[in-house]
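Model the full structure from these sequences, guided by the hints.
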Amino acid sequence: MQMISWGRRWAALALAAVLVASLGTVAARGAGEPVKNPDTFVELGFGDVSTLDPALGYDIYSYEPIWPNVYETLIMYSGSSLDRFEPMLATQVPSLQNGLISADGLTYTLPIRQGVRFHDGAEMTADDVVYSVRRFLLQDQAGGPAWLLLSPLLGVDSTRDDKGKIQVAWADVARAVSAQGNSVVFRLKKPFAPFLTIVAAWTSIMSRKWAASHGDWDGGPTTWQKYNNPKDQDRYQFNHMDGTGPFMLQEWDRQAKEVILVRNDHYWRKPAALKRIVMRTVPEFATRRLLLQQGDADLVVASLNQQSQLRGIPGTILQDNLPLIALQTLQFNFRINTEANPDAGSGKLDGNGIPPDFFADIHVRRGFAYAFDYASNLSGGYAGKGVLPHGPIPQGLLGYDTTVPMYTTNRDKAIAEFKEAFGGKVWDTGFRLTIPYTAGNTARQVGAQIVKDTVTALNPKFQIEFRPVPASSLNQLLFAHKGTMYFLGWFADYPDPHDFAQPFLAASGYFPVRGGYKNPEADRLIDQAVGTPDPAKRKAIYRQLSLIAYNDLPYLFLVQPVQFYTMRSWTHGWYYNPIFPGQYFYTIYKQ
Amino acid sequence: MSAIRSTSSAPTLPFSRALAPARAVESGWHRTVRRFRRNPLSVLGMGIIAMFVLTALLAPFIAHPVERNPYMMPHSGYAPDPQPPRPGHPFGTTEEQFDLFYGIVWGARTAFIVALSVIASAVAIALVLGSVSGFYGGRVDEIVMRIVDIVLAFPGLILAVVIVAVLGPSVRNLIIAIAAVEWPTYTRLLRGEFLRVRDMEYVQAARALGASDLLIIVRHVIPNTIYSVLILASLNMGSIVITFAALSFLGLGVPPGYSDWGQLISLSRNWITGTAGDPFTFWYTLIIPGTAIFLFVLGWNLLGDAFRDVFDPRLQGSR
Amino acid sequence: MTTFIARRLALLPFVAVGVTVLIFSLLQFLTPAMRASLYIHDPKQLNALPDIIRKYDLDRPVYIQYWGWLRQVLHGDLGWSETAREPVADAIRGYFPATLELGMYSFACILALGIWLGTAAAVNKDRALDHLSRFTSISGASLPTFVWALLLLMVFYGHFGWFPPGRLSLDADLYVRGGQFHAYTGLMTIDALLNGQWWIFWDAVRHLVLPVATLTYYLTAVLVRITRSSMLETLRTDYVRTAEAKGLSHHVVIDKHARRNAMIPVITLGSLLFVGLLSGVVITETVFNLPGIGRWGVGASQQLDIPAVTGFALVFAGLLVLANLCADVLYAVVDPRIRLR
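Chains as they are written, first to last, in the numbering used here: chain E, 4 to 594; chain X, -5 to 313; chain R, 4 to 344.
Each hint should be verified, as a subset may be incorrect.
[Said to hold, decoys possible] Cross-link-like lysine to aspartate or glutamate pairs, in silico, EDC-like; alpha carbons within 16 angstroms at most: (1) E:Lys193 <-> E:Asp530; (2) E:Lys212 <-> E:Asp323; (3) E:Lys39 <-> R:Asp174; (4) E:Lys234 <-> R:Glu89; (5) R:Lys58 <-> E:Asp237; (6) E:Lys166 <-> R:Asp60; (7) E:Lys278 <-> R:Asp174; (8) E:Lys260 <-> R:Asp93; (9) E:Lys212 <-> E:Asp130; (10) E:Lys260 <-> R:Glu89; (11) R:Lys58 <-> E:Asp165; (12) E:Lys464 <-> X:Glu61; (13) E:Lys166 <-> R:Asp62; (14) R:Lys47 <-> E:Glu254; (15) E:Lys234 <-> R:Asp60; (16) R:Lys58 <-> E:Asp235; (17) E:Lys388 <-> X:Asp75; (18) E:Lys455 <-> X:Glu61; (19) E:Lys278 <-> E:Glu254; (20) R:Lys58 <-> E:Asp164.
[Said to hold, decoys possible] Partner residues aside, some chain E positions facing chain R, computed with beta carbon under 7 angstroms: (21) Gln236; (22) Thr406; (23) Gln479; (24) Phe482; (25) His484.
Hints listed in this document are in silico derivations from the structure and should not be mistaken for laboratory results. For each residue, glycine too, the CB sits at the ideal point set by N, CA and C.
So this is what it looks like as structure tokens:
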């Protein structure tokens, strides 16, 4: 070509040379090839870490590095079990038999292990344990997990009242958590059956001296109020960690979205096999998958609908059907705020909208319950992976009972119920409503589609639409009570039925506060069940609660999903416990 | 070209073109069409766009609407994995079983409606602001241009994302967002054109004769500036569809199930790697909407280039 | 010249204020609950919405919030970005180098390829080479960026394993984080050379190949079109025809006479391209998992992280004014007829 000058030809040659030279750094790859990066484990997920402070973090992505990899708790779940514990930073698991739980169930004593060192070298004492728990209770960030221990220990859900004023006294806190020699004593306000399991998951221990020397509370009685309700960035522990666990924090690179842990060679048990852990966020699924395929990643997290693309990749194993203690539900709003609310249409039962108390009528709710296609929701939204729930207690927890009835798809019954709703007015006039759901969530999109398809097929006067909304808008709708129906999920804070019964059925629970459901009998039973130590009695009460949920029908319990991980076949020693927020790298090795 | 042809065409002075519209248009049009036809690429572009226009117009007949909103694709079942082309679904189905054929056909309508709405809004704003700014100059011009600078100082995609994030994702808001990004370019263009035309003799003559400003703008200025807008608009048609697809990719697109090429192709990102043994398992989720977008953008680009070759006065009179 | 530059730079604060006012006025559409969503990472935290609104003063009127933010900025504090989990200034400083590196190399490739193809197309107008180069460049812009990005990744990483996503491979990454490596600029290629670590340089180059290729392919079309029409114009001018008539070789005519004058619109486009790159990188950064400012900026916008968006927009506006300034200076250099007023 006449236009190519010599200059241009040299440029092209140079470019080609650069490309070829860079290939020289390509390492060997492929299935059957030797292990890539044998002492570093790379995990790829899609959620972001928001803080590394165990007293402030509340989402699973933040908690994965925290527990149990860097920070440890007083007792630990035994293997994959959810109800058997073994000692961890305590030397004994309290029970009625060994007397470490008092007969009235109000006092728990945990002897603290000696000779355990923090990552900075200091030795752990009961003083550190007391400090860590008190800090957890008193820092109480808005939206944080403090209520989990505040509730049993101090009988309140927050250190602040509705106006933002502090409502707890130091004396109560000091009494609730205190040191007695080499033991730590917890004093509860009322008997609380799940207390040990909350201790197992939420009492991460850090060094008091380390915290105090970096600008945090010193543990004293007069200064704690200044440290209440912090902003994430105000704490050194936001991106620095000093725990007792098998790994230490090397770096949290917030731009590269990576958390890098290194092995703690002075761990109080045998040090881990892996020298380094890299937890990275890679939002694009295709990229994650290719990295796993090439061996540049060892474990990849993906959503259920993507599983078909991860099956059968050479050199990988798929750990499937991992149980989750979680429920996906569809909540009815009993008191819809119809002011300036296009989702409720006209706000009246005139065929062009719904009135505020539309879902307060049990027949309407039953109509929706019998119309819904649960099987298709499971197969379409969750790739068929999961179980259909029998009420608010998920499988795997005490109180799960397959004899509790559940609603099944029944078109005739649905029609019959709708015909009775509002004295027949619903059937004659019809209605119109829109369901908002979290944008980008395919499972909920499918659920909304199914509601629309099944219910509108019953009567041409029934009009249902659905629209995706970004999270901020959905939060706004929830806040203002404007949503018609909500797709909401609940993941266990701790593996006990109380953590499901209370949020779903108590009048002050997470869901009823928004939806307006109330049943004093449920409140009574919930309090009774949590105060009894006897598992058999509790099981019976939770069965009663499940029946209440069935009869009152404040929610459609849609799915208890499962999850899966895909990992390279050179990964060994991995095990799963549903309560872990992520992987427990201590036992893993590559070979 | 033969000497006879070139001497029979009208002189190229804008003065004469404006004063003798009938004669000039006729020979101008002939010349335009002839130059158009000479270039095979412009003919190709024309053909592609014509095909899409037909599809968009005949959409209800080619793919019968099933839902109340005809832009919503019908779905058969809820299975999560896309299914390949088969009887009843000639283009296959995308995730959650939306019919691709329906989506492509009605997507043509969406593409035209969205792109034309954006351009119409941008041109409307630009006409008002650009004419005021270019015609009157001075203070007004400074202010308008500074506003344009400010909006242009914003990275286009970020501005669109912010607007959609604030207003909420719907087709209407997406059009508003993209129009908000595009209007400065049109304003600058029209302002420049107005400046150029303002100083021309015949306009000054008309002013001297006492014609009102509005009359001058409408009768003389606009017809002469239309070509540059046409060129820009035709190139923009394609890029707007691409921007729409980019917004879908970022999760700010139309609701799922809406017939929109951009959304269909952004859905393909989850299936592009295929299954372990066969990366082409879900080829149709990418190839089919991809071809539609590709041809649409290509067609408009070729057409735009052709318009430029034909209409650009600086290139006229060349062999 | 200096007065010209000074006058242009004086535009900067005006544009900056305008941009920030624009963003804050969009806040009017947001309710306190929506703004509070920024601080919620898990649905379980929803019950704390009133507490969060109270804590961050989210129910104060917009102009008070703007004034509070402005005061903060005038003290040199751009605020905290919830999405970046670090101060806005740190986030910008941290994210910018990756985008700059990607943009820099892409810019060079786009310029080289675009001008070459455009010139070739102009000189061979309506012949096969013209059609081919136009078709190739247009096809690059005919599909959304992520399609090319994913296809390239699948073929050249998934199949061949040559060019991985990310900035560096694991070994290089760990070395860079270690104490011995000093990050002078934040651009991996430059820093590797400055540290004398050639293997890191090649590693960084290897990771840049696909993202640069994606951006180049996508953005070359515009430059080809402008160059082509500009060259066409210039080739028809009298002085070029005179040069040809005088018997100068075609080659010399193009390189020495025509191209210089054809560059003016190209310079305009160059500055626009520089800015346009920032929009294009978002998707490239997402697919290739690069910690760049585009990806962060879009994420911050989606989650309504106002301090982040404002800080980001300020930096961007500043860059644009500078880019326009450079363009104007270049005009004067290229064309002696242009005088800067």
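Cross-check of the supplied hints:
The suggested pairing of E:Lys193 with E:Asp530 holds, with an alpha-carbon distance near 10 angstroms, which does not exceed 16 angstroms. Distance restraint check for E:Lys212 and E:Asp323: the Cα-Cα separation of roughly 44 angstroms exceeds the 16 angstroms cut-off, and the hinted pair is therefore not satisfied. Restraint check for E:Lys39 and R:Asp174: the C-alpha separation of about 11 angstroms stays at or below 16 angstroms, so the hint holds. Between E:Lys234 and R:Glu89 the alpha-carbon distance is near 12 angstroms, which keeps this suggested pair within the 16 angstroms criterion.
Distance check on the hinted pair: R:Lys58 and E:Asp237 sit about 14 angstroms apart at the alpha-carbon level, within 16 angstroms; holds. At most 16 angstroms may separate the alpha-carbon atoms for a hinted pair to count; E:Lys166 and R:Asp60 meet this at roughly 14 angstroms. Taken as a hint, the E:Lys278 and R:Asp174 pair is honoured in the structure, with Cα atoms around 14 angstroms apart against an allowance of 16 angstroms. Using a Cα cut-off of 16 angstroms, the hinted pair E:Lys260 and R:Asp93 holds, with the two alpha carbons roughly 15 angstroms apart.
Proposed proximity of E:Lys212 and E:Asp130 is supported: the alpha carbons are some 10 angstroms apart, at most 16 angstroms. A distance of roughly 12 angstroms separates the Cα atoms of E:Lys260 and R:Glu89; the hinted pair therefore holds under the 16 angstroms criterion. With a C-alpha separation of about 12 angstroms, the suggested pairing of R:Lys58 with E:Asp165 holds against the 16 angstroms cut-off. Distance restraint check for E:Lys464 and X:Glu61: the Cα-Cα separation of roughly 15 angstroms lies within the 16 angstroms cut-off, and the hinted pair is therefore satisfied.
Of the pairs offered as hints, the one joining E:Lys166 and R:Asp62 holds, with about 15 angstroms between alpha carbons and a cut-off of 16 angstroms not exceeded. At roughly 28 angstroms between alpha-carbon atoms, R:Lys47 and E:Glu254 are farther apart than 16 angstroms, so this suggested pair is violated. Straight-line distance between C-alpha atoms of E:Lys234 and R:Asp60 comes to about 13 angstroms, which keeps the hinted pair within the 16 angstroms bound. Restraint check for R:Lys58 and E:Asp235: the C-alpha separation of about 12 angstroms stays at or below 16 angstroms, so the hint holds.
A distance of roughly 14 angstroms separates the Cα atoms of E:Lys388 and X:Asp75; the hinted pair therefore holds under the 16 angstroms criterion. At roughly 11 angstroms between alpha-carbon atoms, E:Lys455 and X:Glu61 fall within 16 angstroms of each other, so this suggested pair holds. Using a Cα cut-off of 16 angstroms, the hinted pair E:Lys278 and E:Glu254 holds, with the two alpha carbons roughly 14 angstroms apart. Between R:Lys58 and E:Asp164, the direct Cα distance comes to roughly 13 angstroms. Compliance with the 16 angstroms bound is thereby established for this hinted pair.
Taken as an interface hint, E:Gln236 checks out: its beta carbon lies about 6 angstroms from the nearest beta carbon of chain R, inside 7 angstroms. For the restraint placing E:Thr406 at the interface with chain R, the shortest Cβ-Cβ distance is roughly 30 angstroms, beyond the 7 angstroms limit, so the hint is violated. For E:Gln479, the shortest C-beta to C-beta distance to chain R is roughly 4 angstroms, which falls under 7 angstroms, so the interface hint holds. With a cut of 7 angstroms, the hint placing E:Phe482 at the interface with chain R holds, because the nearest CB-to-CB distance is about 4 angstroms.
Evaluation of the E:His484 hint against chain R yields a violated restraint, the C-beta minimum of about 11 angstroms exceeding 7 angstroms.
In terms of the numbered hints stated before, the structure departs from hints 2, 14, 22 and 25, listed from lowest to highest.
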